[in-house]
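*Asks:* All chains, please: the whole structure from these sequences, using the hints.
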Amino acid sequence: MASVTTLAAVGEVGKGFIHERTSETLPCQSTGKLFCFDWAKENIGRYGTPALQHLELVGLAVLFGFTIAFTLAVLAHRRRWLRSPLLAATGVLYTIPSVAFFFLLLPLTGRGVDTAVIALTAFNLQVIYRNTIVGLSNVPSPVKEAAKGIGQTDRQILWRVELPLATREIIAGLRIATVSTVAIATLAVFAGGGGLGAPILQGGIDFKTNIIIAGGIAILMALAFDLILLTIQRLATPWERAAGG
Amino acid sequence: MTALILPWLPLGSIQGAIEFIFEAQPSNVTGGKLVGGLDQTLELALTQLEVTVFALALSLLLALPAGLYLGHKGVGELLAVGLGNAGRAIPELALIAFMAAVIGVGTVNLTIALAVLGIPPILTNAFVGIRQVDRAPVEAARGIGMTEREILFKVEVPLAIPTLMAGIRLATIAIVATATIAPLAGVLTLGDYIINENVYGENGVVAGAIVVALMALALELGLAALQRRLTSKGLKLSPA
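Just so you know, the protein sequences line up as chains A and B, in that order.
Residue numbers for the first sequence follow the numbering used here, beginning at 7 and rising by one.
Residue numbers for the second sequence follow the numbering used here, beginning at 5 and rising by one.
FYI, nobody ran anything at the bench for these hints, they're computed from the structure.
Watch out, some of these pointers could steer you wrong.
To be verified - In silico DSBU-like pairs for lysine-lysine, Cα to Cα no more than 35 angstroms straight-line: (1) LYS240(B) / LYS77(B); (2) LYS77(B) / LYS150(A); (3) LYS37(B) / LYS158(B); (4) LYS237(B) / LYS158(B); (5) LYS37(B) / LYS237(B); (6) LYS158(B) / LYS240(B); (7) LYS158(B) / LYS150(A); (8) LYS240(B) / LYS154(A).
*Replies:* The structure is reproduced here in structure tokens:
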């Protein structure tokens, strides 16, 4: 039901959205101040649910995006003819603006978290796919020859030699995809998917404090994801620290 | 095959949306006044294209010279690359709402807000593109007495075209996508069809999505074609 009320708010968006709000008037809203600390202190709890929804959207989209793009990349690594068509296909999905994607899906999946997650996943694929392919291609052939020489099968070479050596590049792609998805997910509210875009849309553009808090949480969330993934990359590739000094 | 796909595809709503693009229809809330149709669709599409082109031009004007200069000098890596990374974290909806709140609504202000999204990828890719150019041809150019300006524009820029253009394409996609929510900042783009469902109905929403998607793909294809024309023959011969 939450999506229905959100969309009622979306429906009001138009010329009236800028000048007047019919919903509850908040004490800080029309003061013209850039940031009301008192209001922020009292109302920060309002952002808990949108932030959790945002986390869910990003988490699911990145999880699905990684699973699909990684599988496609490993497949295309073995079957070279697949590379260009898959790059083009993920490129098309990347290029279609998310807001448009939500509503292209409307006749198929309706509104809600599902639609938002599908569009955000589609947006993710290209970066993860491309970085995985590049990472796998950059593995020096002498290393692969050596692996073959000691009797490793293709599967073993992939999992024990190529993927570990491509980890840095793969996680770099994952970082770009995750940070971009956190930012883009503010638009999920248009699809009825909630998230940190919801308070921004409901508060309107006169309510600066609200925009700064919701936008600020999104930026911090992106930063946190980036640091976590960077840490994972460091832990997963200890040899790079040893070699790079 | 078609028997499998056809019942699943919502052909009715797609057909309705396509009709909406070309032919005005009565709206639920405007008292029978006609909405949609080719005239309005073209007008909204032109506005979206216009703000996209202006915002892209502004980002190019600000970011390209800076990126080329820093790349050529080899200084400011932290700024150029850090800005690119930070730029990705900017939440689009918050940016448009915040800029509308602080600098105001309207086309000029919207253009500035959208340019904020275009600057990071252009700056970063210009810097990285120039830095990655093989040092040997640069030294050779210096050896035959080219000035620094000549080295930059006759050697480094041509060799960096693929990376430079990749940055411009990323910027364009981000700008045209975000221009869709421009109605929030008082500029009516195709997003008006999408955001104001109570005026345009579901046909209007899907119609808006179709035209926005086509516009983004057309821009991307156009820039890809431009990139192929700008890339020197020598670069195309070498394995990518």
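*Asks:* Now look at each hint and say whether the structure bears it out.
*Replies:* Going down the list of hints, with the structure as the test:
{"no.": "1", "hint": "LYS240(B) / LYS77(B)", "verdict": "27 angstroms, holds"}
{"no.": "2", "hint": "LYS77(B) / LYS150(A)", "verdict": "39 angstroms, violated"}
{"no.": "3", "hint": "LYS37(B) / LYS158(B)", "verdict": "58 angstroms, violated"}
{"no.": "4", "hint": "LYS237(B) / LYS158(B)", "verdict": "14 angstroms, holds"}
{"no.": "5", "hint": "LYS37(B) / LYS237(B)", "verdict": "56 angstroms, violated"}
{"no.": "6", "hint": "LYS158(B) / LYS240(B)", "verdict": "17 angstroms, holds"}
{"no.": "7", "hint": "LYS158(B) / LYS150(A)", "verdict": "40 angstroms, violated"}
{"no.": "8", "hint": "LYS240(B) / LYS154(A)", "verdict": "33 angstroms, holds"}
Of the numbered hints listed earlier, those contradicted by the structure are 2, 3, 5 and 7.
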